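K.L.:
Please model the complete structure; the sequences and the hints are all you need to start from.
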Amino acid sequence: MAVKVEELLTAEINQPARYLGNELGATHKPWDAASVRWVLTYPEVYEVGASNLGHIILYNILNAGPRQLCDRAYLPAADLAAKLRSTKTPLFAVESRRSLTEFDILGFSLSYELGATNILEMLDLAGIPLTWQERATNAQNGAQIPLIFAGGQTATSNPEPYADFFDFIALGDGEELLPEIGLILAEGKTNNLSREALLLDLAQIPGVYVPQFYDMAADGSVHPNRPQVPQRILRRVATPIPAYSIGLVPYVQTVHDRLTVEIRRGCTRGCRFCQPGMLTRPARDVEPQQVVEAIEQGMQATGHSEFSLLSLSCSDYLALPAVGMEIKNRLKDKNISLSLPSQRVDRFDDNIADILGGTRQGGLTFAPEAGTQRMRDIVNKGLTNEELLRGVKTAVDRGWDKIKLYFMIGLPGETDFDVLGIAETVRWLHRECRINGRRGLNFNLTISNFTPKPHTPFQWHSVSTAEFSRKQKLLKEEFRGMRGVKVNYTDVRISAMEDFVGRGDRRLAAVVRRAWELGAGMDAWWESLDQAYKAWTQAIDESGLTWKYRQVESGEWNLFEKEEEHDTDADTDTRMNLPAGAGTGAPPLLDQPLPWDHLDTGIDKNWLKIDLQKALEAATVPDCSFEGCSRCGVCGTDFGHNVVVDALPIPEFAGEFVPNTERKQRLRVWFGKVGDMALVGHLDLIRLLDRVVRRADLPISFTGGFHPNPRISLANALPLGVTSTGEIADFELTESIDIESFREKLAAKLPENIPIYKVESIDLKAPSANQLLEAAEYVITVALGGSLTENGELDHENSAPVSVAPDANWEAWVKTIVETEAFWRVHTTKSGKTKDVNLRDRLHKLELVEHKPDSSTSARGATSEGRAVLRFTGSCRSDGNLLKPEHIVFMLEQVSQQEIQLLQVERSQLILGYG
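Take the position in the sequence shown, starting the count at 1, then add 472; the result is the number in our numbering.
Keep in mind that the hints were calculated from the coordinates and are not lab data.
Don't take every hint at face value.
[What the hints assert, rightly or not] Using 30 Å as the maximum straight-line C-alpha spacing, the simulated DSS-like pairs for lysine-lysine come out as follows:
1) Lys-1136 - Lys-1086
2) Lys-958 - Lys-874
3) Lys-874 - Lys-948
4) Lys-1287 - Lys-1136
5) Lys-1324 - Lys-1221
6) Lys-1302 - Lys-806
7) Lys-1081 - Lys-1020
8) Lys-1302 - Lys-1287
9) Lys-806 - Lys-1317
10) Lys-1136 - Lys-476
11) Lys-1221 - Lys-804
12) Lys-1230 - Lys-1324
13) Lys-501 - Lys-560
14) Lys-1356 - Lys-1317
15) Lys-1237 - Lys-1287
16) Lys-1081 - Lys-1006
17) Lys-1006 - Lys-1020
18) Lys-874 - Lys-806
19) Lys-1217 - Lys-804
20) Lys-1237 - Lys-1217
21) Lys-1217 - Lys-1302
22) Lys-476 - Lys-501
23) Lys-1221 - Lys-476
24) Lys-1317 - Lys-1305
25) Lys-1237 - Lys-806
26) Lys-1230 - Lys-1217
27) Lys-1287 - Lys-1307
28) Lys-865 - Lys-1006
29) Lys-806 - Lys-876
30) Lys-804 - Lys-874
What you are looking at is a predicted structure, and each value in this text was computed from that prediction instead of being measured.
P.N.:
Listed below in structure tokens is the structure:
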């Protein structure tokens, strides 16, 4: 049964358009025709989840399968979450609007160590038991409960701290794995298998880990508790398919508000701190033609004005300059920009600079990671000072005046000299890279705290949060007074929790659950870090694991123990070694079982030990995509091999986009915002119209300047939640077009609840609709809510000097308002100034359309003595002379001495003054 979402999305809910589920790209498959019904449940707010590429790809793939239905759900913001609880409404999937309990399977993305608390929040809101044990018991008692699973980087690297919460874990890439799971589910439903039997079948699929079929030993290692499941579970590897990246186009602005296409999956650079680089091997380049076609088709299908090419290391996609230039040339006349994520500074050159940006030059981000050459060699960054300087100089020469740099502190073997080297490196770059030989380059630095990750050579290292704090203090002193540099530091407490949970075992499930109960959701970290940290530490204390957390605070042991104390000036060669046993075989500590040893990611644990020894020697390992094999263990039958596309000839540059500012025709469009489109805000509507014009391929004219925008002008902003049948927009075109053809093309790309009523050609020299706007007509529904005096809401200062008999009715109140000369109210301007305004001067016409006496309960919970439908016309000018529906309510309250509730608002027309 569908949840009545429209009753939940009332005025107090922020950004209600994120819960509509009918964005462009949403798939609505028949419920009854599906044999397996999925929900991809992203445990972040919509703006994060709806723009996540993995979420979009898997959603498209599952819905492409026959008899498979895939819906979506997101973590509701705090306002909607509170309303779901207060109304006892279960969390719903956005497209079908059905409760999550009605589906067969829910898949969560677990890509961050502290993200599991959000998953528990969503399960609780859905009314689903939090652990597999509780769900199994309920299922045995006849309850229909969906299977709950997780995928993503954290789930693949170490799912043990979260094992109690999931029926199974999907390890690695999901493009092939999830459809296989769907087939087993369909067969299991047909055969009416029990929950346990179905999970046993799923456990036979490579890449599916079912925690309940494995037990944790006293040493933290994990072993099967039945012979039917494998000793080690294989990570799945899939080939990227760019066509599935073309998907959702949200109404609201998202975190990554652009088309994103993957060009390379996997990274073989071998940075020793980098978990994604280890867990995504081998490297797989996408065929350039597939990338170009996906972007060209995707930009047309979505209407985006920006696209991004995605990879862990975009610069290692050797065809990048050729692909970028080909796309830039093809989309030359579309006002399109290209952005890239953080990239290798040693590969940044003129060829890459040529393809970046467009008319809107984006930011540029490099990640040197460490401030000295020795530290960059220890972490196998493969970057020299000369390469760093050359890359940054190239950026300055090509017009960038601000660059973002990422560094880490707390790396194994780091000394204070290395920490201060970060500031010295920035000071050196600032000195060497001056803009036009005079002005200094601006740097935005992010300095994060290194936290060791499973499946990396540094997985045995321990960090010290006390040392983090001390080193941050050193850097703050060093950066004090340095001009042109902004420095952001990661909070030490967040890093401590990431490390504590990320390398934990099954004992931490109780900690995660208790932390959630105490309010440690992800949002709490950003809104109230103190509260979140307190919740986590209290949960740790109650679990009896405080001793383990104290090891995180102080550091259990250091891989780089000094044999003796040395001075740490520039010429010092700091000698370091492993704990006892180094050189004669791996020390005993490195042979101890780890909670994630039963997961076969392809990386040989012995290779990690060997690479760790090389780190101790500050020895680097070359990138096996371009040089010799490093023998990490990945390449073979199970995981495949590196697939590298050679560099291609770079097409000749066809020139930058030159905005066509010609104005050959102006068309005025009368349109509506009805139904759920009332929940799309004004700025979101402007973005929507821009994308609609792009998708319709209409010859829109652009403004000039550095940031050309389409010449689309709305007459007036419609308040959120208000429907309308009288909106007006002006479109200026670079060529004349048949009015009916324009209307058909525009209507074909607009949502169905934005109907077009009329299109007219307007003289180019005529004033805009916004300039001509004089008045607006509204139809409002109001209701009585009780005596203002009784409710204590009477505004004596602004009361109108009128008197109405106790037995007055709507008709009498309307008549009184019309006959009254003044209703004074204090108005506060945007600048904070106040002035008295006579609202009656702004009222042109007011009439009672309908009166419905009843005793129903209103939306605000008060029992009304009757409802009325009123129509009014009032000032609506661009100079701020406005009469709003709330002003009519104010006047009604003055004449009635009753509380008046505004139940519904519709703007029926905007009235232009043509002189």
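K.L.:
Each hint should be assessed against the structure and marked as holding or not.
P.N.:
Against the structure, the hints:
Under the criterion of a C-alpha separation no larger than 30 Å, the hint pairing Lys-1136 with Lys-1086 is inconsistent with the structure, at around 68 Å. Simply put, Lys-958 and Lys-874 have alpha-carbon atoms about 11 Å apart, close enough for the 30 Å limit, and the pair holds. The suggested pairing of Lys-874 with Lys-948 holds, with an alpha-carbon distance near 20 Å, which does not exceed 30 Å. Our distance criterion of 30 Å between C-alpha atoms is broken by Lys-1287 and Lys-1136, whose separation comes to about 50 Å.
Restraint check for Lys-1324 and Lys-1221: not satisfied, since their Cα atoms lie roughly 39 Å apart, outside the 30 Å limit. Between the alpha carbons of Lys-1302 and Lys-806 the distance comes to roughly 37 Å, so the proposed pair goes past 30 Å and is violated. For the proposed pair Lys-1081 and Lys-1020, the alpha carbon gap of about 24 Å is at most 30 Å, so the pair holds. A distance of roughly 33 Å separates the Cα atoms of Lys-1302 and Lys-1287; the hinted pair therefore is violated under the 30 Å criterion.
For the hint pairing Lys-806 with Lys-1317, the CA-to-CA distance comes to about 46 Å; that exceeds 30 Å, so the pair is violated. Only pairs whose Cα atoms come within 30 Å are accepted, and Lys-1136 paired with Lys-476 is rejected, the gap being roughly 47 Å. With a C-alpha separation of about 22 Å, the suggested pair Lys-1221 and Lys-804 falls inside the 30 Å cut-off, and the hint holds. About 33 Å separates the Cα atoms of Lys-1230 and Lys-1324, which puts this hinted pair outside 30 Å; it is violated.
At most 30 Å may separate the alpha-carbon atoms for a hinted pair to count; Lys-501 and Lys-560 meet this at roughly 27 Å. For the given pair, Lys-1356 sits about 13 Å from Lys-1317 by alpha-carbon distance, which is consistent with the 30 Å threshold. Distance hint between Lys-1237 and Lys-1287 is unfulfilled; the C-alpha atoms sit about 43 Å from each other, more than 30 Å. Restraint check for Lys-1081 and Lys-1006: not satisfied, since their Cα atoms lie roughly 36 Å apart, outside the 30 Å limit.
Note on Lys-1006 and Lys-1020: the hinted pairing holds, with a Cα-Cα distance of about 17 Å set against a maximum of 30 Å. Distance check on the hinted pair: Lys-874 and Lys-806 sit about 26 Å apart at the alpha-carbon level, within 30 Å; holds. Restraint check for Lys-1217 and Lys-804: the C-alpha separation of about 22 Å stays at or below 30 Å, so the hint holds. With a C-alpha separation of about 25 Å, the suggested pairing of Lys-1237 with Lys-1217 holds against the 30 Å cut-off.
The suggested pairing of Lys-1217 with Lys-1302 is violated, with an alpha-carbon distance near 39 Å, which exceeds 30 Å. Restraint check for Lys-476 and Lys-501: the C-alpha separation of about 19 Å stays at or below 30 Å, so the hint holds. Restraint check for Lys-1221 and Lys-476: satisfied, since their Cα atoms lie roughly 27 Å apart, inside the 30 Å limit. A distance of roughly 29 Å separates the Cα atoms of Lys-1317 and Lys-1305; the hinted pair therefore holds under the 30 Å criterion.
For the suggested pair Lys-1237 and Lys-806, the alpha carbons sit about 26 Å apart, so the restraint of at most 30 Å is met. Taken as a hint, the Lys-1230 and Lys-1217 pair is honoured in the structure, with Cα atoms around 14 Å apart against an allowance of 30 Å. For a cut-off of 30 Å, the pair hint linking Lys-1287 to Lys-1307 stands: about 27 Å separates their Cα positions. For the proposed pair Lys-865 and Lys-1006, the alpha carbon gap of about 45 Å is over 30 Å, so the pair is violated.
Under the criterion of a C-alpha separation no larger than 30 Å, the hint pairing Lys-806 with Lys-876 is consistent with the structure, at around 28 Å. Of the pairs offered as hints, the one joining Lys-804 and Lys-874 holds, with about 26 Å between alpha carbons and a cut-off of 30 Å not exceeded.
When the structure is compared with the earlier hints, violations turn up for hints 1, 4, 5, 6, 8, 9, 10, 12, 15, 16, 21 and 28 and for no others.
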